[in-house]
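A.B. asks: Sequence:
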Amino acid sequence: MDYNECLEKLAAGTVRQQLGNLEIIRKPIPDDDRIGVADERVAKWYRTLPPRGPFKNPNAISAEEIEQIRANMGCENDNLSTGVSTRHDVIKTPDGYVPIFIYTPDGEGKKSAICYIHGGAFIGGKAIVVENFCKLLAERSNSIVVSLEYGLAPE
1 MDYNECLEKL AAGTVRQQLG NLEIIRKPIP DDDRIGVADE RVAKWYRTLP PRGPFKNPNA
61 ISAEEIEQIR ANMGCENDNL STGVSTRHDV IKTPDGYVPI FIYTPDGEGK KSAICYIHGG
121 AFIGGKAIVV ENFCKLLAER SNSIVVSLEY GLAPE
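All residue numbers for the sequence shown refer to this note's numbering, where the first residue is 1 and numbers rise by one.
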């Protein structure tokens with residue numbers, strides 16, 4: 001089963017459950033409806049990753065170990081949005097320039113704005129890794145999404 005077939009099955013198999021004010025969304029893997037079953041495709045991908053930690057000294061992680069952590073962040077994904085324009089820009093701050101990525105859904109009228117800061121605990125990750133997610137967020141929320149890059153520690 002290819003990637004797009006998996007996505008279609010995930011969408012078709014989505015189960016929503018309301019528990020008080022909490023909505024639970026469950027998406028069983030495409031080949032199995034049982035709850036909590038691991039997807040062998042994902043497990044296979046994880047086995048291809050280089051081993052993580054333990055670090056030689058967790059209080060003084062080397063540059064090589066930092067690069068290893070960063071190399072393992074993010075994964076391949078598809079753009080599921082339609083009708084979202086993308087603009088890459090920079091803003092000037094007192095401390096230098098900050099790259100920003102602006103995602104605007106089609107359509108007229110006022111739109112709210114969402115400032116999205118990618119995960120990575122300020123040590124890894126990049127705004128471009130979450131571009132497809134930000135596009136979908138812009139489309140589904142009918143909001144302008146601004147994703148910004150930030151300097152990573154320890155640099």
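Heads up, some of the hints might be wrong.
[Said to hold, decoys possible] Under the rule of at most 25 Å between Cα atoms (straight-line distance), these lysine-lysine pairs were calculated in the DSS-like manner:
hint, residue 1, residue 2
1, Lys44, Lys27
2, Lys44, Lys9
3, Lys27, Lys9
Derived from the structure by calculation, the hints contain no laboratory data.
A.B. asks: It remains to establish, for every hint, whether it holds in the given structure.
C.D. replies: Verification of the hints:
For the proposed pair Lys44 and Lys27, the alpha carbon gap of about 19 Å is at most 25 Å, so the pair holds. At most 25 Å may separate the alpha-carbon atoms for a hinted pair to count; Lys44 and Lys9 meet this at roughly 20 Å. Restraint check for Lys27 and Lys9: the C-alpha separation of about 9 Å stays at or below 25 Å, so the hint holds.
Consistency note: the structure conflicts with none of the earlier hints.
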